[in-house]
Amino acid sequence: MKLPAFRSFGATLWGIGLFLVVLGGTAPWIPAFLLTVLIQLLIFATLAYSMNLITGLTGYVSFGHVVFMAFGGYALAFGVGTLNLHPVAGVAFGAVVGLALALGIGLVTLRFRGVYFAIATLVVAVAALYIVLEIKELGDGQGIYLSLRFEPLSWFYTIWVILAIEVVLTYWITHGRIGYGIRSIKSDEDAAKTVGINAARVKLFLFALSGLFAGGAGGVYYWTLSGVFPYQAFDLIFSLQMLAMIVIGGMGTLLGPLIGAVAVYIPSYIFLTVLSGFQFIIIGIVVIVIALFVPEGIVGSLRKYIPELRGVLE
Amino acid sequence: MADAALFVTDLALGLLLGCVFAVIAHGLNLIWGVAKVVNVAHGEFIMLGAYGAYFFNVWFGFNPLLSVPIDAAIGLGVGVIFYFFFLFRELRGKESMGPQSEMVTLVATFGLALVLINLAQALWTGNNVGIPWSPGVVQIGSVQLPLGGLYVAITSVAIIGLSHVFLSKTYLGNAIRAYSQDIPATQLVGINPTSTAAIGTALGFCITMAGGALLTVWLPTGIYPAMGNLYAPISFVIVVLGGPGKMWGSLVGGLTLGVIIDVGQLFVGGSIALATAIGFLILIPVLLFRPEGILR
Amino acid sequence: MTRVLEVSDVHKYFGGVRAVQGVSLTVREGQVVGLIGPNGSGKSTLLNLIAGVEKPTKGAITLDGQRIDRWPAHRIVGQGIAKTHQIPKPFLAMTCRENVAVAVMFGNHKQRQSAKAFDEAGRVLALVGLERKADMMSSNLTVQERKRLEFARVLGTGARILLLDEIFAGLSPEELRAAIALFTKLQRETGFGAVVVEHVMRAVLTLSERVVVIEEGMKIAEGTANEVVEDPAVIEAYLGVEAARATP
Ligand SMILES: Nc1ncnc2c1ncn2[C@@H]1O[C@H](COP(=O)(O)OP(=O)(O)O)[C@@H](O)[C@H]1O
Ligand SMILES: [Mg+2]
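Chains as they are written, first to last, in this note's numbering: chain A, -16 to 297; chain B, 6 to 301; chain C, 114 to 361.
Excised from the complex, chain A in its bound form:
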């Protein structure tokens, strides 16, 4: 398929691009403590875009995304610790593992709709923890501790590249012919099939991509933590945070996941130093209110209520 003409990329993609370029260009001069915050932000943004690829674009609510992230981390830890890979190669390995898992899990679970898909992914996530606890090569239930150096710039540029690729891919997917296929599936999957869309393949493609990026993000995340431990890594709170970000930012939009990541992560970070756990109460309340009263999220409602923005904001 041909890419659309360069100039017609749209203001939103340009805006995100500009944001990333400025961040990337100034990173070496950003003080380390601020940089580590930004790294976490980019990791969460990558996870949010990953969730957006499946849940935002097709409406299939996945509670199991933590699995891809956790296995991305385990792949990194195994690759670096046992196979002596460079951490960046470990991250790539994590992404591939995420992709492979998503293909396997998606092949089965994407046959289920709505509630059943959500439950199936949740159950897979819980079961995955119990399985990992029993695998010797993955730390035998104790996790894997690595002694990696503190190198924020390497972390930063790795996740930066991953996020940039992910945003461009999201744009490309949603703007071509396949974008119409995806919108049809979200709108009415049965009708989509009867106009010739191979819904199973489109969904699996999105889910696999989603696993790829969540795996990569997980790799970077556990690189920054220099190790991965089962109970934390499989904590469902990660899935829930990804979901919260796209709900708040606006499901299926191009800018929404980034806004959502900022809206969820930055307050979390601030509250973390004040009163741990309290941030989730607020995030939870915000999610409830948005889901019930503004289901379009921030970006969706801006588009809905300010018609002038429709041309530029997506």
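Don't read these hints as lab results, they were simulated from the structure. Every residue gets a Cβ at the ideal spot worked out from N, C-alpha and C, and that includes glycine. Among the hints, erroneous ones may be present.
[To be verified] Across the chosen pairs, the derived CB separations fall in these ranges:
no.	chain 1	residue 1	chain 2	residue 2	range
1	A	Gly124	B	Gly66	29 to 39 Å
2	A	Gln125	B	Thr226	19 to 29 Å
3	B	Leu177	C	Ser252	33 to 43 Å
[Stated by the list, open to error] Capping the alpha-carbon separation at 27 Å, the derived lysine-lysine pairs in DSSO-like fashion look like this:
no.	chain 1	residue 1	chain 2	residue 2
4	A	Lys169	C	Lys332
5	A	Lys169	C	Lys168
6	A	Lys169	C	Lys229
7	A	Lys169	C	Lys246
8	A	Lys287	C	Lys223
Knowing the structure of chain A, use the given hints to seat chains B and C with the ligands on it.
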């Protein structure tokens, strides 16, 4: 293959445990039937039920069984509030819940789960607590069973049986069943859909929270804010095993899962973790090949 | 080459419900076959079986001699067989033009260039008289307009054999006449084949070269329109039901 005595003991324990699982799943099943969507925060209401029993023990010295009716009463109130807050807008005037509403409810109740877990953590710390209550054991042949677990199992079956009687023998119960099957038809026969659905939801919460209290007997130190992350998936799996909307499905599903976990570990080298994983993953083949549940 | 769709002795059971029990029929490109029968006789189920939305419990469906009854729905559309939904299912979050453009992009045409797909969609919408609503959200359409959109989407896929489920239902006599005229004109021009399901007989009888009558999932008659209306089994079963409905 493990020896026979161990097998019989694990089978008996699995069945006893399965009865409690059945109750917490039964609560979910009722809510599912009425709302056509799962309550993602289901595990958190089990958690609240368990903490209820814990505090009634700390304050009044009640044993978990005495807390069951109190939790149940609280659950009724909570259920009505839940219905009007989370379900009413999505179900009102509709034939069934559409995909959009389904997603709204999934996401909103997940937000609720987040709030409840962290609120519990803020109020009661993240530490594990438990209720010191052990009425001893009973010897049946070569098998030794915990009396507490036996009382719980009897209460569990009684709760499910009572709800069955209520749903099939009373006007209100029949209205709830009719609503679960066909919302428009309910209106045609002159049943008020809103109050029927509210009562159905309340009943579901009532049973869920009672189940939380019963569960504590099995958890000498297992009450903590995030415990729902385990018991919600257990309930989901059971409902699917037994078949959503089937009244005895929860019991059959609960017993099946209890046995898979307790007996299953004998076959996977004594690993309760692997047995639990298998118990969860059984959901997938059931959904694939028997989406209506293992019961006909 | 004209395509031939052959349904031989198909059955479909939903648990205990025997929706279709051994129906056979043949349609070729350029030919319109009517399928009538009382409510619940299995007409929609039969179309779903042909379209691959449901899989038959028993029996074979072939296109030009090739078995297609285990194919997924999208693949059947790719072979030029497309179906409307009895209860219209437009993509509510899209405009009418987008609805049809999707069909052009993914149906039998597989038009990969969006711009061309949109042009074609506009043309098809004009054919069914929805040109003035082309850029309206499909959620704003009336039920009758939605049915037309269903029809437009099927045309948009470039199907050569159309499966039309009660697209004429609910029209007033004048509207019905106009719709039939439009259908006949389109059919002559493009030469597609069709299975036209109708629960009211009149539309089908004027349109169809051949008519198949089913009752309780079984074929009770087949022939030209005139033959069928005079068939005692049809009068008994079909008209009897109609008459019974008229005087409850
Ligand atoms: N998905 C389904 N599950 C169970 N029964 C069905 C299903 N679809 C159709 N039926 C039943 O099959 C019979 C035929 O239905 P249908 O094909 O819609 O009839 P028609 O289109 O001729 O009115 C009816 O009894 C209907 O209730
Ligand atoms: Mg029909």
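Hints, verified against the model:
Distance hint for Gly124 of chain A and Gly66 of chain B: a CB-CB separation of about 38 Å, consistent with the stated range 29 to 39 Å. At about 21 Å, the CB distance of Gln125 of chain A to Thr226 of chain B agrees with the hint of 19 to 29 Å. The hint said 33 to 43 Å for the Cβ distance between Leu177 of chain B and Ser252 of chain C, and at roughly 37 Å that hint holds. A hinted pair counts as satisfied when its Cα atoms are at most 27 Å apart, and Lys169 of chain A with Lys332 of chain C does not qualify at roughly 38 Å.
Of the pairs offered as hints, the one joining Lys169 of chain A and Lys168 of chain C holds, with about 24 Å between alpha carbons and a cut-off of 27 Å not exceeded. As the CA atoms of Lys169 of chain A and Lys229 of chain C are separated by approximately 24 Å, the hinted pair is consistent with the 27 Å bound. Restraint check for Lys169 of chain A and Lys246 of chain C: the C-alpha separation of about 23 Å stays at or below 27 Å, so the hint holds. This hinted pair does not check out: Lys287 of chain A and Lys223 of chain C have alpha carbons roughly 32 Å apart, beyond 27 Å.
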